[in-house]
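**Q** In order, the protein sequence lines correspond to chains A and B.
Just so you know, we're using this note's numbering here: the first sequence kicks off at 1 and counts up by one.
Just so you know, we're using this note's numbering here: the second sequence kicks off at 214 and counts up by one.
Please keep in mind that the hints were generated in silico from the structure rather than gathered at the bench.
Just so you know, not all the hints are guaranteed correct.
Stated by the list, open to error - Label pairs and their computed distance ranges (CB to CB):
no., chain 1, residue 1, chain 2, residue 2, range
1, A, Leu187, B, Pro267, 17 to 23 angstroms
2, A, Asn58, B, Gly292, 21 to 27 angstroms
3, A, Arg55, B, Gly283, 34 to 40 angstroms
4, B, Pro267, A, Thr37, 37 to 43 angstroms
What the hints assert, rightly or not - Just so you have them, the derived chain A footprint on chain B, three or more residues with Cβ under 8 angstroms:
no., region
5, 230-239
6, 388-398
7, 487-494
8, 529-541
Claimed, not checked - Over the 10 angstroms line for every Cβ pair with chain A, so calculated as not near, a few chain B residues:
no., residue
9, Gly359
10, Arg556
11, Glu620
For each residue, glycine too, the CB sits at the ideal point set by N, CA and C.
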Amino acid sequence: MSAFPQPLTGMAAPLLRDNVDTDTIIPSREMRSTGRTGLADGMFAPWRYSDADTRSENPDFVLNQPEYRGSAILAAGSNFGCGSSREHAVWALAEYGIKAIIATSFAPIFRSNCIRNFILPITLDRAVVEALAGHEVTIDLAALALTCGDQGYPFTLEVEAHEMLTHGLDAIDLTLQQAAAIDAWTLADRAARPWVYDLTRPAPTPQQEPARP
Amino acid sequence: MARTLFAKIWDAHRVASLPGGADLIAIDRVFLHERTGAAALARMAEMSRALRDPARVFAVMDHIVDTRPGRGDGTLMKGGEGFITETRAACKAAGITLFDVNDERQGIVHVISPEQGIVLPGVTLVAPDSHTCTQGAFGALAWGIGSSEAEHAMVTGTLRMERPRTMRVEFTGDVPAGVTAKDMVLALIAAHGAGGGAGHVVEFAGKAVRALDMEARMTLCNMATEFSAMTGIIAPDAKTFEYLAGRPFAPADFTAPYWQELVSDQDAAFDAAITMDASQLAPMVSWGTSPEHTIPITATVPQGPARAHDYIGLPAGVLLAGTPLNAAFIGSCTNSRISDLRRAAAILKGRRISPAIQKALVVPGSMAVKRQAEAEGLDTVFKEAGFEWRMSGCSLCFYAGGEGFPEGSRAISSTNRNFEGRQGPGIRTHIASPETVAASALAGAIADPRDYAR
Numbered sequence: 001m002s003a004f005p006q007p008l009t010g011m012a013a014p015l016l017r018d019n020v021d022t023d024t025i026i027p028s029r030e031m032r033s034t035g036r037t038g039l040a041d042g043m044f045a046p047w048r049y050s051d052a053d054t055r056s057e058n059p060d061f062v063l064n065q066p067e068y069r070g071s072a073i074l075a076a077g078s079n080f081g082c083g084s085s086r087e088h089a090v091w092a093l094a095e096y097g098i099k100a101i102i103a104t105s106f107a108p109i110f111r112s113n114c115i116r117n118f119i120l121p122i123t124l125d126r127a128v129v130e131a132l133a134g135h136e137v138t139i140d141l142a143a144l145a146l147t148c149g150d151q152g153y154p155f156t157l158e159v160e161a162h163e164m165l166t167h168g169l170d171a172i173d174l175t176l177q178q179a180a181a182i183d184a185w186t187l188a189d190r191a192a193r194p195w196v197y198d199l200t201r202p203a204p205t206p207q208q209e210p211a212r213p
Numbered sequence: 214m215a216r217t218l219f220a221k222i223w224d225a226h227r228v229a230s231l232p233g234g235a236d237l238i239a240i241d242r243v244f245l246h247e248r249t250g251a252a253a254l255a256r257m258a259e260m261s262r263a264l265r266d267p268a269r270v271f272a273v274m275d276h277i278v279d280t281r282p283g284r285g286d287g288t289l290m291k292g293g294e295g296f297i298t299e300t301r302a303a304c305k306a307a308g309i310t311l312f313d314v315n316d317e318r319q320g321i322v323h324v325i326s327p328e329q330g331i332v333l334p335g336v337t338l339v340a341p342d343s344h345t346c347t348q349g350a351f352g353a354l355a356w357g358i359g360s361s362e363a364e365h366a367m368v369t370g371t372l373r374m375e376r377p378r379t380m381r382v383e384f385t386g387d388v389p390a391g392v393t394a395k396d397m398v399l400a401l402i403a404a405h406g407a408g409g410g411a412g413h414v415v416e417f418a419g420k421a422v423r424a425l426d427m428e429a430r431m432t433l434c435n436m437a438t439e440f441s442a443m444t445g446i447i448a449p450d451a452k453t454f455e456y457l458a459g460r461p462f463a464p465a466d467f468t469a470p471y472w473q474e475l476v477s478d479q480d481a482a483f484d485a486a487i488t489m490d491a492s493q494l495a496p497m498v499s500w501g502t503s504p505e506h507t508i509p510i511t512a513t514v515p516q517g518p519a520r521a522h523d524y525i526g527l528p529a530g531v532l533l534a535g536t537p538l539n540a541a542f543i544g545s546c547t548n549s550r551i552s553d554l555r556r557a558a559a560i561l562k563g564r565r566i567s568p569a570i571q572k573a574l575v576v577p578g579s580m581a582v583k584r585q586a587e588a589e590g591l592d593t594v595f596k597e598a599g600f601e602w603r604m605s606g607c608s609l610c611f612y613a614g615g616e617g618f619p620e621g622s623r624a625i626s627s628t629n630r631n632f633e634g635r636q637g638p639g640i641r642t643h644i645a646s647p648e649t650v651a652a653s654a655l656a657g658a659i660a661d662p663r664d665y666a667r
């Protein structure tokens with residue numbers, strides 16, 4: 001996975017509803033394999049298509065409008081990405097080409113999934129998001145600032161998320177550098193809380209229900 | 214210094230403070246299911262990464278399994294069988310304890326984890342499932358994560374986490390008859406919004422919470438994610454220890470002083486606090502497309518977002534009670550445990566659901582719940598009332614592309630999400646307690662369970 005483009009300029013596609021949920025971003029029926037790919041086509045399927053089976057487009061949906069088709073930036077309302085933890089929502093957005101989402105707030109699991117997949121979640125006040133929506137914006141990750149016309153808007157990001165997006169870091173690789181600390185902690189904890197580790201493991205029980213003929 | 218229960222668990226699990234301000238938090242338990250867990254296991258295999266401690270990782274088939282009797286790996290969802298067979302193979306290769314399709318311990322992840330004693334007070338437990346917060350009812354720090362984080366937890370035994378803020382939600386007073394934990398949490402979300410808990414771990418406390426049994430506490434914590442909280446948690450007490458003692462993966466007893474210390478200290482400071490008067494609550498039903506669009510059953514639909522009114526087909530000002538229905542669902546990690554089924558059955562006993570109801574399902578939360586219900590004759594009550602009686606699984610809490618409600622249905626559902634299309638394209642969902650679902654199925658319209666109490 002590549003790091004975040006620096007800088008990123010594009011149209012902020014307006015999707016200003018509150019509580020946009022991950023079922024809408026990628027419906028369960030569009031999650032057809034255990035892989036992380038092949039999801040962009042199903043992204044926002046209930047809104048994007050007038051008929052999800054034939055994929056005939058709903059012209060009213062923002063990303064079907066010529067000026068926003070293929071946008072890398074979404075401008076959204078509050079609690080964006082609420083609901084199911086499915087990372088498929090973020091994989092679908094990333095595969096489509098979304099690089100940044102500007103919202104008034106994010107649901108926590110979704111936001112964390114964004115960072116792990118190098119999509120930049122930017123939280124700004126509602127008045128600012130509404131002012132940006134539908135306009136070209138430039139996002140400068142290094143400066144943690146966004147510009148729209150002659151207006152500049154700073155935003156905040158946790159130090160670690162900033163590093164990860166900037167350098168495309170893998171969280172597991174980073175944490176494995178702490179292996180010695182984890183080992184030491186576990187050794188001490190095993191003595192303090194043996195019940196966490198010493199699990200009796202009952203044998204699997206036989207099948208209980210007959211199969212349908 | 215006085216600390217919250219959350220802080221005690223967090224501090225005890227902090228392996229390191231990371232340079233950027235986050236903490237490296239040890240994870241005691243990981244639970245996977247076939248819908249999102251397989252993706253994590255597949256990536257781990259692809260990256261040649263091993264599990265740090267497979268004995269502390271568990272998996273279950275619940276999300277897309279067939280719930281019709283006599284099931285195998287086949288699913289009504291096209292391609293669903295691949296999720297099941299891949300998950301099974303990946304669990305076997307990794308040495309993970311799997312509760313397979315026809316294992317007698319199978320059930321919805323958040324129902325079977327307590328049944329098996331996998332969740333314990335004071336542990337950290339994560340699962341790639343947003344409703345993992347359910348398990349906070351046992352005094353665990355349990356929260357939902359993505360597949361990448363699940364992979365991180367399995368490989369490293371830790372997660373990199375920003376410390377959340379804390380919120381205390383106190384329910385004072387006594388809950389009136391006919392009002393349940395489901396109504397309590399819906400009332401909280403209705404009052405403070407679907408984003409009301411954002412950034413916080415919510416500790417549920419107060420007299421009305423202490424009075425709840427463990428199953429009701431699970432219902433309360435279950436919808437912390439609908440409040441946008443990282444999770445919910447309830448301090449363990451005698452009920453908690455009694456429930457867990459001697460379960461297959463749990464300690465035989467909880468008498469050691471350690472367990473008694475898992476409470477927020479008297480003077481512990483929370484970053485936010487909310488008080489709800491439980492004695493003033495009524496049965497709650499959602500009217501719109503977010504859990505925050507919820508009102509007492511006696512109320513009229515308020516003015517909300519135009520889109521929500523359009524989708525649900527109810528204008529502002531109408532009475533919610535009496536809205537005609539044609540589908541009913543009792544199940545999900547919110548309300549599918551034996552006490553939920555008992556309360557719904559008490560309303561249905563000796564009665565028939567309305568002919569207007571074209572599809573009515575009861576899906577027990579686990580095979581253990583199913584067996585217990587059958588031992589009590591509840592299956593007969595449901596079947597005689599006109600409900601289908603199913604094997605356990607998540608079923609129609611969400612539409613996966615297989616089984617669905619009849620086109621254009623308006624459903625009353627004991628689930629947790631009334632999103633557009635959640636239970637199928639165009640399906641309109643009203644979420645409520647199991648007794649409200651039962652009463653409404655009898656009436657063929659949204660109905661007050663108190664009118665059907667015996």
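**Q** Each hint needs a verdict: does it hold in this structure or not?
**A** Hint check:
Checked against the hint of 17 to 23 angstroms, the C-beta distance between Leu187(A) and Pro267(B) comes to roughly 18 angstroms, which is consistent with it. At about 25 angstroms, the CB distance of Asn58(A) to Gly292(B) agrees with the hint of 21 to 27 angstroms. Checked against the hint of 34 to 40 angstroms, the pair Arg55(A) and Gly283(B) passes, with Cβ atoms roughly 36 angstroms apart. At about 27 angstroms, the CB distance of Pro267(B) to Thr37(A) disagrees with the hint of 37 to 43 angstroms.
A stretch counts as covered by a chain when three or more of its residues have a beta carbon under 8 angstroms from one of that chain; for the region 230-239 of chain B and chain A the count is 7, and the coverage holds. Coverage of the region 388-398 of chain B by chain A is violated. Counting CB-CB distances below 8 angstroms, 0 residues qualify, and the rule asks for three or more. Only residues whose beta carbon comes within less than 8 angstroms of a beta carbon in chain A count, and the region 487-494 of chain B has 0; fewer than three means the coverage is violated. Given a C-beta distance limit of less than 8 angstroms, the hint that chain A covers the region 529-541 of chain B is violated, as 0 residues qualify and 3 are needed.
Not every beta carbon of chain A lies more than 10 angstroms from that of Gly359(B), the smallest distance being close to 4 angstroms; the non-interface claim is violated. No beta-carbon of chain A is positioned within 10 angstroms of the beta-carbon of Arg556(B); the least distance is around 26 angstroms. Look at Glu620(B): its CB is around 13 angstroms from the nearest CB on chain A, clear of 10 angstroms, so calling it non-interface holds up.
Taken one by one, the earlier hints fail for this structure at numbers 4, 6, 7, 8, 9, listed in ascending order.
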